[in-house]
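Those protein sequences? They're chains A and B, same order as listed.
Here the working numbering is used: the first residue of the first sequence is 1, the next is one more, and so on.
Here the working numbering is used: the first residue of the second sequence is 1, the next is one more, and so on.
Be a bit skeptical, because a hint or two may be false.
The calculated DSS-like cross-link candidates involving lysine-lysine, where the alpha carbons are at most 30 angstroms apart (straight line), are [said to hold, decoys possible]:
id: 1; chain 1: A; residue 1: 37; chain 2: A; residue 2: 135
id: 2; chain 1: B; residue 1: 128; chain 2: A; residue 2: 248
id: 3; chain 1: B; residue 1: 138; chain 2: A; residue 2: 104
Derived by calculation from the structure, the hints in this document are not laboratory data.
Just so we're clear, the structure is a prediction, and the values are computed from it rather than from any experiment.
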Amino acid sequence: MSEYLLQASYFPGCTMGTGAEESSEPMMLALEKMGVKLYMLEDWNCCGSSSGHALGHDIATSLGARNLSKAPLGRPIVIPCPNCFRNMATARHHLIEEPETLKKNEAEFGRINITDPVLNIYDIYHHVFNLARMKARALPEGVRPLTGLKVATYYGCGAMYPKVLRPAGPPRNSIERILMEMGADVVTWPWPNKCCSAFVSAVYPEIAEEMISQIVSGAVDQDADVLVTSCAMCQMNIEMREMAMTNKMPILHLNQLAAIFMGEKAKDHTDWWKLHLVDPTPILKKRNLWD
Amino acid sequence: MYQYMDYGPHGIMRLVVLGLKKEALTSNTIWRCLGCHTCAAVCPMAINIASVMDYLRQECLSEKLPVGDKPIWEFHRCMMNSARMFGRTFKVGLMTEHKLRTLGMGPKVWMQDSILGTKMILMGKLHKLPSSIMGTGKAQVRKILDAAPWRKY
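Can you make the complete structure from the sequences, with help from the hints?
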């Protein structure tokens with residue numbers, strides 16, 4: 001198919017770009033079937049989240065500005081990592097609001113793309129499912145509903161965007177809606193927005209273990225099969241810190257479920273499941289999503 | 001995260017309101033804040049607390065006051081060093097540098113996560129080699145990072 005529904009720039013970020021192939025590969029496969037073409041930004045750099053903005057306001061803005069300067073005009077920028085999204089959107093907001101900052105950064109990096117929107121990955125899925133529901137553009141053949149899979153959705157801090165960063169408002173219920181559209185059973189549970197302890201996990205594992213045991217046991221209590229998140233960092237953190245617990249729960253990426261929904265076979269992609277510390281294959285087999 | 005902080009976000013706001021600058025800047029709350037914006041999202045006065053915390057951290061560094069939570073500051077420094085070297089963060093190198101910088105904290109910290117980390121490297125989840133940006137990009141990133149107060153602390 002030559003014409004695409006949407007062509008977008010893609011900023012992977014350090015976690016997705018280096019070390020979460022099990023999330024970026026299914027994302028590419030799912031989006032390709034949905035008719036979305038992503039072009040990775042050339043020579044992207046660290047978005048400056050968590051440590052960048054903690055140590056200097058200008059660091060975060062300039063790092064974001066450099067990334068935005070790599071984005072060609074006329075294509076929205078897709079940022080799958082919620083933290084990168086927040087930081088790049090904040091940088092973009094500052095560049096729009098403060099002409100002096102923009103001028104200073106443009107002198108350094110050349111034209112900066114502040115006209116095209118910055119989108120999160122679930123905005124794209126949402127768009128595709130909305131079009132399908134409105135019968136404007138049908139989903140391709142061979143979709144496979146995730147019937148029977150009980151998922152607890154986990155946003156982490158990705159749900160807490162101020163209105164200026166995301167005109168649609170905080171993404172409450174975004175992932176839930178997408179998963180319902182895919183036919184999964186969405187569980188109501190107490191901690192979808194609880195922090196995964198991000199970088200504190202690397203410094204104080206005991207604090208992280210306490211916080212994550214609350215998250216995982218909350219999902220276990222509601223009989224969920226898997227936790228689903230869109231943040232690769234949260235996924236890694238929770239998996240690492242639940243290793244000490246007795247009731248472990250597999251943590252899947254939203255992108256993996258999207259790929260399975262779009263007709264990819266889980267058994268063809270054992271390399272994804274190998275990168276999980278808690279093996280999700282038994283639950284996928286149990287719910288008939290394996291082949 | 002609140003239960004692991006000394007003052008908590010509301011406490012820091014109160015300290016700022018009362019003008020107790022030194023207490024606010026040397027507390028561990030400002031370092032343990034993860035910037036998740038939960039407090040900012042629910043704040044009845046619509047204060048962007050996470051950004052206030054960012055500002056207080058930078059003030060603490062530029063005034064060269066003692067840092068309230070040393071290991072976390074060292075982590076931030078290692079992360080920025082990694083970004084400075086490769087233009088992107090390199091997790092294995094970052095954690096190694098952090099271990100070296102916090103050697104003084106005792107044997108518990110030396111061994112912390114080493115088994116899990118090795119397992120993840122062998123699985124291929126953590127990359128052994130850094131991914132790096134090319135050409136002029138590195139110099140640009142380096143210039144951005146060198147201008148900030150953390151370099152002089």
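Verification of the supplied hints:
Distance restraint check for residue 37(A) and residue 135(A): the Cα-Cα separation of roughly 21 angstroms lies within the 30 angstroms cut-off, and the hinted pair is therefore satisfied. For the hint pairing residue 128(B) with residue 248(A), the CA-to-CA distance comes to about 27 angstroms; that is within 30 angstroms, so the pair holds. About 19 angstroms separates the Cα atoms of residue 138(B) and residue 104(A), which keeps this hinted pair within 30 angstroms; it holds.
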